[in-house]
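Undergrad: So the chains spell out like this:
2 protein chains.
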Amino acid sequence: MTAAATASTTANPGPLSATELDDIHAWWRAANYLAVGQIYLLDNPLLDRDLVAEDVKPRLLGHWGTTPGLNMVYAHLNRVIRERDVNAIFLAGPGHGGPAAVASTYLDGTYSEVYPHITQTTDGIRKLFRQFSFPGGIPSHVAPETPGSIHEGGELGYVLSHAYGAALDNPDLVVAAVVGDGEFETGPLAASWHANKLLSPVTDGAVLPILHLNGWKIANPTIPARIRREELHDLLRGYGHEVITVEGDDPMLVHQAMAAAMDTAIDRIREIQAGARTGGVTERRPWPMILMVTPKGWTGPKEIDGLRYEGTWRSHQVPLTETRTNASHRAMLAEWMRSYRPEELFDADGRVIERIAALAPVGDRRMSANPHANGGLLRRPLILRDFRERGVEVTAPGASIHEPTRVMGQYLLDVMIDNLDNFRIVGPDETASNRLDAVYATTDKVWQGEILPVDVHLAGSGRVMEILSEHTCQGLLEGYLLTGRHGVFSCYEAFIHLVDSMFNQHAKWLKVTREIGWRRPVASLTYLLTSHVWRQDHNGFSHQDPGFVDHVVNKKADVIRAYFPPDTNTLLSTIEHCLASVNYVNVIVAGKQPCFDWLTPDEAGDHCARGLGIWDWASNDEGSPDVVIGCAGDVPTLEALAAVSILREHLPELRVRFINVVDLMRLQSAGEHPHGLSDRDFDTLFTADAPVIFAYHGYPWLIHRLTYRRTNHANIHVRGYKEEGTTSTPFDMVMMNDMDRFHLVIDVIDQVPTLRSHAALLRQQMVDARAEAQRYTREHGDDLPSVRDWTWGDVGPDSAELTAAANTSADFPTA
Amino acid sequence: MTAAATASTTANPGPLSATELDDIHAWWRAANYLAVGQIYLLDNPLLDRDLVAEDVKPRLLGHWGTTPGLNMVYAHLNRVIRERDVNAIFLAGPGHGGPAAVASTYLDGTYSEVYPHITQTTDGIRKLFRQFSFPGGIPSHVAPETPGSIHEGGELGYVLSHAYGAALDNPDLVVAAVVGDGEFETGPLAASWHANKLLSPVTDGAVLPILHLNGWKIANPTIPARIRREELHDLLRGYGHEVITVEGDDPMLVHQAMAAAMDTAIDRIREIQAGARTGGVTERRPWPMILMVTPKGWTGPKEIDGLRYEGTWRSHQVPLTETRTNASHRAMLAEWMRSYRPEELFDADGRVIERIAALAPVGDRRMSANPHANGGLLRRPLILRDFRERGVEVTAPGASIHEPTRVMGQYLLDVMIDNLDNFRIVGPDETASNRLDAVYATTDKVWQGEILPVDVHLAGSGRVMEILSEHTCQGLLEGYLLTGRHGVFSCYEAFIHLVDSMFNQHAKWLKVTREIGWRRPVASLTYLLTSHVWRQDHNGFSHQDPGFVDHVVNKKADVIRAYFPPDTNTLLSTIEHCLASVNYVNVIVAGKQPCFDWLTPDEAGDHCARGLGIWDWASNDEGSPDVVIGCAGDVPTLEALAAVSILREHLPELRVRFINVVDLMRLQSAGEHPHGLSDRDFDTLFTADAPVIFAYHGYPWLIHRLTYRRTNHANIHVRGYKEEGTTSTPFDMVMMNDMDRFHLVIDVIDQVPTLRSHAALLRQQMVDARAEAQRYTREHGDDLPSVRDWTWGDVGPDSAELTAAANTSADFPTA
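Respectively, the protein sequence lines represent chains A and B.
So for the first sequence, my numbering puts the first residue at 2; every next one is plus one.
So for the second sequence, my numbering puts the first residue at 2; every next one is plus one.
Treat the hints with care, since some could be wrong.
Put simply, identical chains are the same to the list, so a pair is met inside one copy or across any two.
[As the list claims (entries may be wrong)] Here are the simulated SDA-like cross-link-like pairs (lysine to any residue), alpha carbons at most 20 angstroms apart as the crow flies:
(1) K512 - R389
(2) K128 - A349
(3) K723 - P675
(4) K723 - L383
(5) K723 - I452
(6) K723 - T20
(7) K198 - S462
(8) K557 - M737
(9) K128 - K512
(10) K198 - H234
(11) K512 - K557
(12) K512 - T396
(13) K128 - D348
(14) K723 - S670
(15) K723 - A671
(16) K723 - D559
(17) K723 - R515
(18) K198 - E231
(19) K198 - R229
(20) K303 - D456
(21) K512 - T123
(22) K512 - R649
(23) K303 - E55
(24) K198 - R230
Don't read these hints as lab results, they were simulated from the structure.
Please model the entire structure based on the sequences and the hints provided.
TA: Below, the structure written as structure tokens:
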């Protein structure tokens, strides 16, 4: 519903006294002045003299259009923070309006505190202007360099999910999130409105969306600005909001309307929270939001060379592009900047005058200094138990089976129990399907929609967050981590590509923050990718893509990690390690299907600490292998071991070294990744000249890429996914991609020179075995029993046990 | 608004006579029967005898939950098609309900036509059942193998954008698109509702969204099912729709309501179209949509082992998982299947009885046989002029400059003029920013929102489609191509990663369709990636990512192509080539900034036909180079040529071979990619042993990957983007990534053994030159004039001309 007390520009006088109005308008003028100066000026920051060509930057870069609107919001947020002691942070969806954030945080003093050379003097303003979008200076966006920011805004669509993530478990916090009307058109943003269905009014804080309808994108009007206003209101109500409208182009009227709107919004938030926390209200109520309709490039040049600028797309970036060379443009710039009356805003030394400075909140209440926006300050390390407490007993390699992610769920249960307010799991409807449902013993899935008797594990508060939007999941988790908390994103492997681009932005953010002293480390973003390429039983080709890791490794080595635990205990060790880490993106790929246990908990811990290593019990090379069989991933490890067992039986004299890789980055050279093995260690393991047959979970090229500089790289032969797959059984699937045990044996025979003639018979047997396995599968719809029920040595579980385990493999919870 | 004549289950009797009701219910029972049989049965297809264990598949895979709803929609679409001669196709957002599409297309006869071994007999039904989600059989989704499908639905979110793409320029077509309520939560789907703002009621067809609220995802309720119904209606009205609700769980009542709803929907569509086409209505009117609320797993087992199944998430996949081993489950399956009374549906030979078969539309009016869903049947090759007509005159290499994409815009203008009804450009607000705005001489941007006097190039119909959702752009183009038309997607390079996952799905679709005889080739999907990593002047680090090509090359070589034209004429040649191609994804990376012209139109045509080649005018190797300098991309080509000019001046005796690569896949081995050079040709060009210094547009590893198997690969040294970049000038940017001319010279010196001591002085000069260039940039905010104004030889444009061109580089149109 639209607020009964809709603020509007016709409601005058508003809540501001004449003095207050005058003061807040002066702040806004100062912020706008400082923003314009950043875009244009090298020197003459306070226009103490005539503007000359040399005062203007040779390359004019940045975005003016959104800036005055952002400044308006910031100024009025400051007012309610000050008047009501609100604990708030600010997220600028239109982050390209970086000049606004920089100007506002300079006015409130934080900027000079974190960057002492940017003083509150004329010289400080000169440096502030010069550095903006200047080589060696600061970015044009609301970047990690900007105090108070957890959101760069360069790629559009994530401001609301970041905001909701920040608000979780911060019951006192108000997260103001400006949504640009261009960003409004994006898919991730459109989905993220519904994050309010996952926000508890009792235990979480509030998000205040401010949809800024300035009407234009780069070269087009925006859809929300050009549908009937009632249609837009319908849409926003449908998203679960009460809409408070502020509309106008007269600043003094808009100030009053905005002040009233902010008051109403904070009142509503407090009402909803009080109702839910102490008033016994249980139904979901519409949260307030502000619809701000003001001109693009407001207060900028109205017209340039006969074309309209203010209030059109032409104000998007730099309205006066020829200011350095064109005297009339330069005069227009001077006139524009003087229209803010800088002489009333700054004293003779360039210090902002006291009545303006006094409008900023104090200390940590400044949005730019709020520790929630530098989450590392608030981060408490997770309390993590030794993974061995949840380790599964392993009497011998392959003697037992477990579903790795199901056991990991028990470990996550412990994490949940020990960390009641700063750990969450997000996922698109897959926590149970991915078999992490043990956590429901202590928590629920948070759900603000209707709850019916048939529902299980749904509740008004809970630490598992499921919404069928990978974008929203990723955004929520990023927001949660950047404000100092911890979490895991569990996702089907193929569909994590949906957030490739969000991952890019987060990895870039981490890379930059590592170089900024005042930014404190945040918890790593950890992905569990499961329901992976090799086991898409209910689905098929469209669900098969192991390429996320390929995408990840293009980012800075400092911030990326990739793990392929081959069994349950190694998965446990890996997750413990990842949850303790900071400032990384960890990618863990592990299956949910029943899987042999290869290592005891202690062995797993040691193996994961090394990241890779020889499995002696699967090797017989006595220090001098004829062939190295390497593997990374659970299914590849199974096939590689099965291949070893064939070789043992048929070619017992062949010296085989078996190497399993958990930490993929160990393969890379030490100079290229912090985890990289030294060349000496690599050569010791993989030899300088023996053939290496490597079974890899993903696209084979990544192994070549990582080992490209190794001595033995020309002898590394990789099998992996080669984009072949359709409806198939598990073994049929590996056969289609030539990664099956039989083909690995063929590879060994083909690559070990002495075997080429010697083992021709075995080679033919392998070819025949593949044909037979395929024939059987096509006839019976299941894998050949001798393949399906294979075990390592004599110690494995019998086939009945395996089959029983496999029958629990439906992708939905049955309880 | 909700339809005045809202259909509802209480509105009884509805439009169906008793006989019609009985018949359509029989069709639905038959479809449901055939769907269940596919999921469970190997044999005994018509239950002619007791069901035994061996009749049941050993691995039960698929999704029952959505299936009865899809069957209901299909049956009622058939009715309106038949009664009103509607030209319609069907898109199943919940494409995992593949059994429904297969069943329906079997009932209407198409399935047996395209797969003659699936006869209309008991044996045919047996094979139909057996093949489903079975090794060597068909996928469980609505895949390319399914007649009538242009949408696999495996990855959720794209059904509406595909539907809108299909409807464009097909004024007679109705595209029915079922949106699952899980899919409803995704970002891409949420954004795509607004595609109705780009659909002309005059020249385009109609999309009929059918939101199927069955209430559940895999393990959770859905958000739209658990918000207040009035809130959902608000949301859907806000998306621009009139909502017609069909709700119930009594099939006979729902049949009546659905029939009425379909009638109303088609009436509304015809009213809107007639109003716009001949009635003088110009305002946008809400399009009808159907909200179908029926139980998940409707008509399936109500309860199993004490747990509720029908109407809950437990029906999502296979309700009875132990049917083969558990006799009581098997009995429940038999009871379930017999509840559809198969004996009334099929005759003794297994042929569907005539009164059911007669419900299908005839011939091409069957949705499964509609040629729009096999777009290659309708595809007319584009009329393409020789690109040389738009070629720019080049008197000597580097003697002139053009903005490549601006000239390409003129070529696209010709394409628009010559292909009035089957070519579109999509992009997220960037057609003008990417300088393709010449096309506005003949067409506009289509826009159904309000149009104001200040707007330019906006109109109610037009062939450029801009919406700030890369997902929607991609989906629209895919839908347009799959229905037999042509187009280009122009996008900022960094943000094309937003559609990584959509690209995956389209590439997989193409890969599979190439193997299906009855699928005819469709036009390639061509990306123009511009505003690329090296020139993010207004933005910065967040806008720098050249990794889309890395992602692309993981897909099947048969379907992917990547081009890096270095100048205007090569870009023209490339786009002509790409627009003429079929069944590929073409990625073209080209800048929009002013760029030297290197090749004449004829030279460009020859160079692009070869894909790569030696530029003699930049080489002096006389057949025996000391070093090969390779490059791919416009900025790398510039830096590489500048490096050559330094080498010529300072080391004139050094024999340099200069190779430019346009078609990146030429680098790969012939055995790995159809475009791959033979090893002999590669060795002839790149030599077997000379050092190769390669300047590449993207992440360097891709060049190593592509050349991994080449003789000389150990001598290839690649410079490219290494994730370093922030606010910078163009030359500063290449320096940060060590891809600048000075560093390339250093690389040459370091890699050519004879130069290491011989050219030590030059090496130091290069180091100094880099330091000086950086110092200048940091001081002046612009590139060193000697760098910025560099020209090739003596023939280049003077620096004033270059500077003037650079000053037109604002990212927004000024007219």
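Undergrad: For each hint, tell me whether it holds in the structure or not.
TA: Okay, the hints, checked on the actual structure:
1. K512 - R389: Result: close neither inside a copy nor across copies, 33 angstroms intra and 45 angstroms inter.
2. K128 - A349: within (17 angstroms within a copy, 90 angstroms between copies)
3. K723 - P675: This pair counts as between: shortest inter-copy Cα distance 16 angstroms, intra-copy 29 angstroms.
4. K723 - L383: neither (39 angstroms within a copy, 33 angstroms between copies)
5. K723 - I452: neither (44 angstroms within a copy, 50 angstroms between copies)
6. K723 - T20: Neither, since 70 angstroms and 54 angstroms both go past 20 angstroms.
7. K198 - S462: Close inside one copy (11 angstroms), not across copies (38 angstroms); limit 20 angstroms.
8. K557 - M737: This pair counts as between: shortest inter-copy Cα distance 14 angstroms, intra-copy 34 angstroms.
9. K128 - K512: neither (25 angstroms within a copy, 56 angstroms between copies)
10. K198 - H234: So K198 and H234 pass the 20 angstroms test inside a copy (19 angstroms) and across (17 angstroms) alike.
11. K512 - K557: Classified as within: same-chain Cα gap 7 angstroms, cross-chain 32 angstroms, threshold 20 angstroms.
12. K512 - T396: For K512 and T396, neither the intra-copy (44 angstroms) nor the inter-copy (46 angstroms) Cα distance is at most 20 angstroms.
13. K128 - D348: Answer is within; shortest intra-copy Cα gap is 17 angstroms, inter-copy 87 angstroms.
14. K723 - S670: between (25 angstroms within a copy, 16 angstroms between copies)
15. K723 - A671: This pair counts as between: shortest inter-copy Cα distance 17 angstroms, intra-copy 28 angstroms.
16. K723 - D559: between (29 angstroms within a copy, 13 angstroms between copies)
17. K723 - R515: between (36 angstroms within a copy, 17 angstroms between copies)
18. K198 - E231: Only across copies: K198 and E231 sit 16 angstroms apart there, 23 angstroms inside one copy, limit 20 angstroms.
19. K198 - R229: Result: close only across copies, 12 angstroms inter versus 26 angstroms intra.
20. K303 - D456: between (58 angstroms within a copy, 16 angstroms between copies)
21. K512 - T123: neither (33 angstroms within a copy, 63 angstroms between copies)
22. K512 - R649: Classified as neither; 47 angstroms inside a copy, 39 angstroms across copies.
23. K303 - E55: Cα proximity of K303 and E55: none, with 25 angstroms in one copy and 80 angstroms across.
24. K198 - R230: Between copies only: 15 angstroms across, 25 angstroms inside.
Hint check: violations occur at hints 1, 4, 5, 6, 9, 12, 21, 22, 23; the rest are consistent with the structure.
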